[in-house]
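Peer 1: Residues per chain are reported as follows:
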Amino acid sequence: MFVNRIVCRLAGVVVMLGMAPSTEAQESARSAASAPAADGAARALGFLATYCGKCHAGSEPKGDFPITPEALSTDFNRVDAREKWGEIVDVLNSHDMPPKKAPQPKTEDTAAVVDWITGRLVEAEESARSRTVVLRRLNRAEYANTIRDLIGVDFDPSGFPEDPAAGGFDNNGGALTLSPLHLEVYLAAAREILDRALVEGPRPRPIRWRFDVRVVPLDSRRKRIDQRNNVLVNGGNNVQEGDWVRIHHQSWDTGAGIRDFRVPEPGLYRIRLELAGRTPDRAAVVASARAILEKRRDDQTAKEPKRKQWHDRQFAEDLRHFETDRMYDYGPPRAKLTLQLGSQPRTLAEFDVDASPEKPAVHEFTTRFTTETAGIGIEYAYSIPKVLENFWLQTGAKFARPELMVRSIEIEGPIHDAWPPASHRAILFESPLARTDEPAYARQVLERFMRRAYRRAVRVEEIDAKLALYRDARKREAFRQAIIVALSGVLVSPSFLYLPESETTPGGTLGPDEIASRLSYFLWSSMPDEALLSAAAAGKLSTPEEIRAQVRRMLDDPKAEAFTENFAGQWLGLRAVGTNPPAPDLFPRYDRHLETSMIAEGQEYFREFLKSDTDVRAMIRSDFVVINERLARFYGIPGVKGDGFRRVSVGPDSRRGGLVTLGAMLTTTSNGTRTSPVKRGTWVMKNLLGVDPGLPVANAGEISPKVPGIDKATVRDRLELHRALPQCARCHDKIDPLGLALENFNAAGEWRDREGFGWKGRIQADDPLIDARSKMPDGSPIDGVAGLQAALLAQEDLFLDCLATKLFTYACGREMTRGDRPAIAAAVREMKSNRYVLRSLIEAAAVSPAFLRK
Amino acid sequence: MRSFASSPLSRRHVLRVAGASVALPLLDAMTRSARAADSKFRPWERSDVAQPRFLACYIPNGVNIKEWIPSETGPRYALSPTLKVLEPHRDEFTVISGIGHPNSQGGHSGADTWLTAADLQAKPGSDYANSISVDQHLAEIHGKHTRFGSLQLSDASGTGGAGHSHTLSFDLNGTPLPAENSPRRLFERLFVPDSAGDRAATLRRYAERKSILDGIAAEAKSLERKLGAGDRAKLDEYLSSVRQTEARVERLAAWVDRPKPKVPPTDLQLASKPGDAHDRPMWLDVMLELVYLAFITDTTRVITFEWSREAGGYGGAGENHHELSHHGGDAGMLSKLAAIDRFHLQRLGRFLGMLTATQEAGERMLDRTVVLYGSGMNSGLGGEHSPKNLPTILAGGRKLGIRHAGHLAFPVASHPPMANLLLTAANAAGGELPRFADASGTLAGLS
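Chains as they are written, first to last, in this note's numbering: chain A, 1 to 854; chain B, 1 to 447.
Treat each hint with caution, since some may be false.
To be verified - Derived PhoX-like pairs: lysine-lysine, alpha-carbon spacing no greater than 25 Å straight-line:
no. : chain 1 : residue 1 : chain 2 : residue 2
1   : A       : LYS686    : A       : LYS832
2   : A       : LYS84     : A       : LYS106
3   : B       : LYS273    : A       : LYS336
4   : B       : LYS40     : B       : LYS66
5   : A       : LYS475    : B       : LYS388
6   : B       : LYS226    : A       : LYS540
7   : B       : LYS210    : A       : LYS84
8   : A       : LYS295    : A       : LYS308
9   : A       : LYS336    : A       : LYS359
10  : A       : LYS760    : A       : LYS712
11  : A       : LYS84     : A       : LYS760
12  : B       : LYS84     : B       : LYS388
13  : A       : LYS100    : A       : LYS386
14  : B       : LYS40     : B       : LYS260
15  : B       : LYS84     : A       : LYS62
No wet-lab data here; the hints were simulated from the structure.
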């Protein structure tokens with residue numbers, strides 16, 4: 001079944017890439033929606049029987065895709081029937097079928113059939129609209145952001161069940177189901193959140209504990225704080241240098257930290273670390289390596305004088321490694337901060353320490369403590385790739401490498417902005433009623449809270465219902481407890497957990513409150529703010545201009561960060577980075593710091609387009625990258641210092657710039673041990689060209705690990721063998737070339753000129769050169785990444801349409817249908833007339849009927 | 001975070017040095033790491049429960065079917081190369097070949113319908129209509145007597161998307177029930193007391209929850225009137241969850257005087273991560289240990305456990321299980337698949353061993369536990385992802401009326417629906433179901 005799906009989709013792409021843009025064809029087809037139905041079906045089935053029936057019928061239909069009245073339901077309300085008809089349309093549109101040697105239908109006959117089918121499809125989609133789910137449950141990120149904005153509490157939703165994605169995004173109403181387990185976690189979360197937000201009693205007495213770290217035998221030094229706390233203070237197996245503990249490298253016993261203590265109150269605490277470091281330059285690295293290598297050479301030569309020549313040669317070769325390899329252009333030392341509560345250690349942060357012991361830095365972190373037994377650890381986290389030349393010497397004390405220095409650790413808290421804290425005052429605000437008329441006050445509290453929680457005006461009966469919860473609980477409990485029960489009722493209500501949109505006018509536009517919520521969950525992944533809610537209440541979201549003004553305001557708000565994180569993060573597959581990482585022995589340069597940098601790079605690159613209104617076509621090829629020092633070292637781009645990301649201009653020599661050169665894309669489309677041109681080709685098709693090539697066909701097989709008769713079979717050689725099979729070639733002839741053009745990037749995303757066959761994947765002099773020559777689906781030759789980018793730029797309309805479709809899918813929380821094509825096409829036109837900037841596309845989406853209609 | 005510790009043996013290294021594409025000792029590498037981290041958990045001596053139980057274990061991507069299906073049939077069959085792993089338990093299970101779900105679409109949606117037998121009419125990645133899974137019928141019956149009606153376990157939390165389900169369980173409306181993948185969270189849910197203070201406070205808390213949920217039902221009704229048909233269906237899903245949660249809160253209130261069973265976390269590797277290739281053996285073991293503990297404490301009698309989601313899975317030593325399942329008949333890939341199959345069966349065998357070692361009312365715990373193990377996909381002789389001839393094992397349940405039959409083979413062309421097996425297994429586990437899905441009856445040959 002999958003075979004034809006791929007063939008069809010790919011056939012579609014040939015046309016798009018090679019001949020005509022497809023959107024027009026689809027739009028014109030819409031006008032045929034009202035063609036007479038009954039004989040249309042007969043005509044279509046007759047046509048298909050004539051031209052397709054020969055092969056696509058019988059007991060073994062070609063491509064396992066029968067085209068017979070039995071196999072093709074004309075009930076277009078069936079999703080699976082629509083799928084099949086859609087595939088037929090795509091194939092007919094592409095002129096890929098019937099095969100060239102078979103009898104060909106007349107163009108106008110084909111057009112009539114295509115129009116009829118398309119008309120039925122659009123009709124069915126329109127009528128299915130009311131059955132299309134638009135009632136969206138808040139996903140985990142939206143829940144946490146909404147709680148932050150509604151209550152002012154930072155809530156970690158990672159214990160909630162993961163949300164499934166559909167159409168590439170996890171905010172799809174249809175896919176976001178709800179089960180009793182969800183309700184249970186929502187109930188528990190509501191109580192936890194409100195317990196934290198609403199305080200009682202006097203302000204807890206804050207503590208401020210400072211610990212000076214010293215090198216001592218393990219667990220031999222304690223500091224008595226109070227009756228309960230006699231804290232262990234460890235400096236690890238390191239060197240003491242004045243006040244400072246100097247850590248040379250990571251090992252099980254080189255961590256510093258404090259443990260075996262319990263804070264008096266649960267809550268937010270600040271951890272302050274006094275840190276410094278030293279970063280040796282290249283000369284120091286070479287000098288230290290030279291000394292170590294000389295000693296080894298001399299020792300070996302003394303032992304085996306006959307092999308002196310060999311020892312000399314090895315000395316020279318190894319020294320050259322230290323003189324030339326980029327890994328010794330060290331960045332500042334890195335530290336990892338861990339917090340242990342109970343039995344589970346957790347990494348709070350990994351960060352550069354760019355400060356000297358003369359001018360040390362104080363790093364501050366805020367985290368939540370429980371009253372469980374706790375520990376805080378600081379570990380060395382600068383990774384130098386372990387390779388043949390250095391694995392034996394790099395942990396030796398004499399080897400020059402970034403060194404981390406620790407002086408003190410301080411804990412302070414619980415932190416409260418005021419007492420009672422803002423979260424408390426926002427819900428239980430000052431009011432004379434609080435003392436004089438408690439029930440009236442409770443009503444006020446609920447009224448205010450519910451309007452914000454439900455993101456709309458609230459009816460009296462709704463408030464009454466929650467007030468009843470309060471009244472009932474108040475019979476037994478104190479005011480705070482009773483109001484928490486009522487507020488919990490709000491936080492598990494469908495009006496809070498979902499984004500309900502009422503069906504007052506079928507297919508009509510949304511109400512102002514509903515538009516406000518759509519906008520805020522689109523751009524902020526959170527609830528509307530006061531400005532948006534009052535605009536809605538005042539009827540000021542009724543014209544496109546008013547909505548556009550809100551979009552502009554919202555994009556400038558820091559909360560719009562969530563849009564980059566969730567939209568770009570999912571579109572570019574950044575959440576998948578690290579799930580199947582390059583094998584460490586084959587790709588020693590890939591480390592944790594690089595991995596987090598690659599994820600950040602994807603976000604920052606996208607953000608740059610948003611921030612500086614850069615032409616989105618530059619996403620295909622840009623003369624800049626957005627990187628930090630770690631990535632610069634990996635990519636070989638000089639002159640970038642520091643862990644922060646910034647825009648750096650690059651020339652063509654850098655081979656970077658554009659989505660297809662992102663480390664994140666290149667590693668997630670590899671297999672851990674080798675590149676996968678198939679995955680890369682698929683990525684380009686899905687995410688840049690908007691074509692889903694579907695899943696591999698049954699019975700196709702993976703690429704074989706070795707090609708008979710070729711000693712050093714490259715990934716390309718092996719793939720070519722696979723494509724020799726006709727059932728594979730049909731699709732892979734279109735997918736693979738796109739990926740093969742990227743073969744110069746290895747599975748970790750690093751540039752290479754040869755495919756390595758040496759020890760642990762090392763490149764040897766006689767290893768095969770990378771052949772990144774390839775063909776676009778229309779047959780035009782391309783060479784390497786530059787060629788691919790040029791070819792993609794030549795097809796910019798496909799990219800723009802793909803980007804717009806992804807954006808609409810995310811904005812509307814549902815998958816796009818044929819009926820949405822005109823709205824998407826219009827948004828693309830608007831973006832084109834506005835210098836191709838992302839903001840323009842976002843604005844156009846926000847005022848499009850796809851977004852403003854139910 | 002992931003560990004970057006290098007594997008004990010670089011396969012690539014071996015390959016390069018040998019300069020040949022030999023079948024690599026994948027299993028050795030995997031068992032080595034498994035052995036290095038062997039769980040210290042030991043089964044209890046005795047169980048006081050003596051109730052029927054049901055466990056369904058799903059493995060993704062099918063198996064190397066060539067090495068899986070025994071060449072002989074009947075009780076005295078010779079174990080196939082893969083099934084040899086279960087040699088110590090050979091009288092405790094039946095291997096069933098030839099069956100499948102007639103409605104299954106194949107591809108990668110096998111887990112979605114493995115226990116439901118539904119015709120999904122699905123567009124992959126979008127919504128679909130599934131139907132109740134067989135375990136949920138059992139949960140309905142047994143749930144009255146246990147703290148949890150059923151448990152859903154998986155290596156990915158949540159429900160997953162349609163056609164790529166992370167869970168095997170679907171409720172009465174066909175809504176997927178999200179799965180738990182963290183051993184620690186599962187342990188806390190099962191065995192760590194709720195900290196609500198004293199009995200009165202706990203009861204008060206439950207009463208409050210109940211009144212919150214009562215109120216919501218009314219609220220949702222008024223909301224429902226304004227919504228379109230699709231949205232109403234969505235809201236029904238919510239309302240049905242509200243009702244079930246209400247029932248559950250009532251049940252919990254009834255349980256307030258019965259504290260959660262005391263199970264020490266010692267010897268349980270609760271920090272094992274499901275998404276970490278290195279942790280894989282430990283993670284499978286600890287999840288199965290928690291299954292064992294949930295059963296022996298009668299915390300629940302119904303558990304479904306998707307070892308990996310379809311098209312996912314771990315191949316060990318950097319291999320990709322799913323890619324291997326598209327083997328195209330390649331001998332090297334098939335042998336790696338078989339190694340993964342043996343690895344999985346070792347985990348299963350260890351679990352069966354625990355149930356065998358525990359005495360229960362004069363029998364063994366295994367005799368009242370029905371264990372269904374298999375895949376909803378057959379990677380076939382050529383890597384086709386077929387829904388026919390599914391690799392399937394039924395183990396345990398002797399005291400529940402199951403008579404093991406060695407290798408029970410059905411002709412692929414005219415096999416009974418797999419729902420027959422589900423009906424047989426469920427009814428052995430106390431199901432009392434007159435029918436299930438498209439079952440034409442119980443499966444002949446097992447009783």
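Peer 1: Evaluate each hint against the coordinates.
Peer 2: Consistency of the hints with the structure:
At most 25 Å may separate the alpha-carbon atoms for a hinted pair to count; A/LYS686 and A/LYS832 meet this at roughly 22 Å. Between A/LYS84 and A/LYS106, the direct Cα distance comes to roughly 22 Å. Compliance with the 25 Å bound is thereby established for this hinted pair. The straight-line distance between the Cα atoms of B/LYS273 and A/LYS336 is roughly 20 Å, inside the 25 Å bound, and the hint therefore holds. This hinted pair does not check out: B/LYS40 and B/LYS66 have alpha carbons roughly 35 Å apart, beyond 25 Å.
Straight-line distance between C-alpha atoms of A/LYS475 and B/LYS388 comes to about 62 Å, which puts the hinted pair past the 25 Å bound. Between the alpha carbons of B/LYS226 and A/LYS540 the distance comes to roughly 23 Å, so the proposed pair stays at or under 25 Å and holds. For a cut-off of 25 Å, the pair hint linking B/LYS210 to A/LYS84 is broken: about 47 Å separates their Cα positions. Only pairs whose Cα atoms come within 25 Å are accepted, and A/LYS295 paired with A/LYS308 is accepted, the gap being roughly 13 Å.
Pair hint A/LYS336 plus A/LYS359 holds up; C-alpha atoms about 20 Å apart against a cutoff of 25 Å. With a C-alpha separation of about 14 Å, the suggested pairing of A/LYS760 with A/LYS712 holds against the 25 Å cut-off. Restraint check for A/LYS84 and A/LYS760: not satisfied, since their Cα atoms lie roughly 47 Å apart, outside the 25 Å limit. Note on B/LYS84 and B/LYS388: the hinted pairing holds, with a Cα-Cα distance of about 23 Å set against a maximum of 25 Å.
Proximity of A/LYS100 to A/LYS386 is assessed by CA-CA distance (about 57 Å); at most 25 Å being required, the pair is judged violated. This hinted pair checks out: B/LYS40 and B/LYS260 have alpha carbons roughly 23 Å apart, not beyond 25 Å. Between B/LYS84 and A/LYS62 the CA atoms are separated by roughly 40 Å; this puts the pair beyond 25 Å, and the hint is violated.
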